[in-house]
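Based on the hints, put chain Y in the right spot on chain Z.
Number of protein chains: 2
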Amino acid sequence: MLTLNTPIYIIGSGNVAWNLTKAFTTAQISIRAIWSRHHQAALEISQTYNIPIIEENHLSQLDGIFILAVSDAAIETVAKKINHQAAIIHTSGSTPIDILTQTHHHAGVFYPLQTFSKHKDIAFNQIPILIEYSNDDIKKILENWTTKLQTQSYFCTSADRIKYHIAAVFACNFVNHMIAQAEYWLEVHQLRFDLLKPLIAETIQKAMEQGARQSQTGPAIRNDQITIEKHLKTLEHYDELKNLYSFVTQSIISKLKKE
Amino acid sequence: MLTLNTPIYIIGSGNVAWNLTKAFTTAQISIRAIWSRHHQAALEISQTYNIPIIEENHLSQLDGIFILAVSDAAIETVAKKINHQAAIIHTSGSTPIDILTQTHHHAGVFYPLQTFSKHKDIAFNQIPILIEYSNDDIKKILENWTTKLQTQSYFCTSADRIKYHIAAVFACNFVNHMIAQAEYWLEVHQLRFDLLKPLIAETIQKAMEQGARQSQTGPAIRNDQITIEKHLKTLEHYDELKNLYSFVTQSIISKLKKE
Chain Z
1 MLTLNTPIYI IGSGNVAWNL TKAFTTAQIS IRAIWSRHHQ AALEISQTYN IPIIEENHLS
61 QLDGIFILAV SDAAIETVAK KINHQAAIIH TSGSTPIDIL TQTHHHAGVF YPLQTFSKHK
121 DIAFNQIPIL IEYSNDDIKK ILENWTTKLQ TQSYFCTSAD RIKYHIAAVF ACNFVNHMIA
181 QAEYWLEVHQ LRFDLLKPLI AETIQKAMEQ GARQSQTGPA IRNDQITIEK HLKTLEHYDE
241 LKNLYSFVTQ SIISKLKKE
Chain Y
1 MLTLNTPIYI IGSGNVAWNL TKAFTTAQIS IRAIWSRHHQ AALEISQTYN IPIIEENHLS
61 QLDGIFILAV SDAAIETVAK KINHQAAIIH TSGSTPIDIL TQTHHHAGVF YPLQTFSKHK
121 DIAFNQIPIL IEYSNDDIKK ILENWTTKLQ TQSYFCTSAD RIKYHIAAVF ACNFVNHMIA
181 QAEYWLEVHQ LRFDLLKPLI AETIQKAMEQ GARQSQTGPA IRNDQITIEK HLKTLEHYDE
241 LKNLYSFVTQ SIISKLKKE
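Each protein sequence line maps, in turn, to chains Z and Y.
Quick note on the working numbering: the first sequence kicks off at 1 and runs consecutively.
Quick note on the working numbering: the second sequence kicks off at 1 and runs consecutively.
So that you can see chain Z by itself, here it is in the shape it has in the complex (with noise of 0.2 Å):
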């Protein structure tokens, strides 16, 4: 039976791991164990918040929760591997909970809808957390973390919880390479970074605001082909930005011509 004192175990030692542990951790969700197939990295968390790490063939044999923070390609696999009467829960944006239904009765989701690193660390009372659950008792466990880590829960199908992901690689992932494609240009031609922060600031303070569609200015969205001309042809020898340019600038304008 599931009970918030069941043993919660932690599968995976990468960026979301870490955080995980972190946060439950901070938040006195107490961890029993830690596993994951690369074993030094498991090591580093399990010196750094002081868990213990089970063996591989422990996981068919304990029961528990255990939490499964890893890539979204080990998930049916090391599913597989954990005791069947056992609870498990994912943390992945893009994978269906039917993938821990095949195998498990008690099986969740648990989704934090933001970007991890390592050593970076992050308040995770700003983090909407989407779940998903097969039962009432998982329910129960994810809201029940979700509080004590003084978060925010939103029930969200596997169907919209890919859309989110999406949405995020855009927002997020895509959003990041834009700035570091403007870090790469500056650096080839020693010229400063740092000024463009407060344009940068500015830039995300209106789209929040105002919203993004709304707010874009520059030369695609005038349509300024004389400016993009003269843009692509400072481009020239670069032949990267000088195509992700063109296709973006051509991404902005067709929206303005349906719009």
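Source of the hints: derived by calculation from the structure; they are not laboratory data.
Please note: incorrect hints may appear among the correct ones.
Put simply, identical chains are the same to the list, so a pair is met inside one copy or across any two.
[Said to hold, decoys possible] DMTMM-like, lysine to aspartate or glutamate: derived pairs with alpha carbons at most 20 Å apart:
1) K80 <-> E240
2) K255 <-> E240
3) K197 <-> E209
4) K81 <-> E55
The following block gives chain Y in isolation, referenced to the frame of chain Z:
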């Protein structure tokens, strides 16, 4: 002769004209008058800031300092209308100073590295100003303005200025477009954009603190083809989003392969 008391005229009525007029007025840099080929828009500024409008045929007669906050395409044409003894300053990121020096001895560039919108106030003292000048008289004028505006000016050649402008397109216009796509996609599916806000805030904070190339996360940088395929399948029937997703993903992956 140019002095700090030489009258200042603003030419234009778009976002930059609005924001400059406001900032100059606040900083007690007096604006003598304004002109724009869009009379109605000029009238709005004129009434808001209590600044007279001048007639087009006075442009060739008045002496003073003319700040051109007009579209890049209009700079050359408008410059020709202005008294060739007067000083003329443009505010464009992509236009060389030469376009002014062919007609005017006193020429300069005053390019605020920022995104402006008409009705959103912005703290001008946070904005780096890239300046260029044809002589020391103009230099003094421009530096005096930035001092009064309590902002920093940076000397920047025309060749470097367009490079900053390109970086600004990536870090502002393209960043905003990516957020706009996330916004649109969630709206189509009646999902909540506000859940992305902590993610966006963290993305930017991370990029600013650790550098954007350093802090790239997501399926593309992991070359996680399974997730990428799932996303592309979910984006089916949304051709533009799907193409943008593919293109930017490829761009991230190709950077990865080079590093």
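Status of the hints after comparison with the structure:
Proximity of K80 to E240 under the C-alpha cut-off of 20 Å is found in neither arrangement, the shortest distances being 42 Å within a copy and 38 Å between copies. Proximity of K255 and E240 under a CA criterion of 20 Å is satisfied inter-copy only: 9 Å between copies versus 23 Å inside one chain copy. When the C-alpha separation of K197 and E209 is checked against a cutoff of 20 Å, the pair qualifies both within a copy, at 18 Å, and between copies, at 11 Å. Only within a single protomer do K81 and E55 lie at most 20 Å apart by alpha-carbon distance; the minimum there is 12 Å, versus 82 Å between protomers.
Going through the hint list in order, the structure does not satisfy hint 1, though it satisfies all others.
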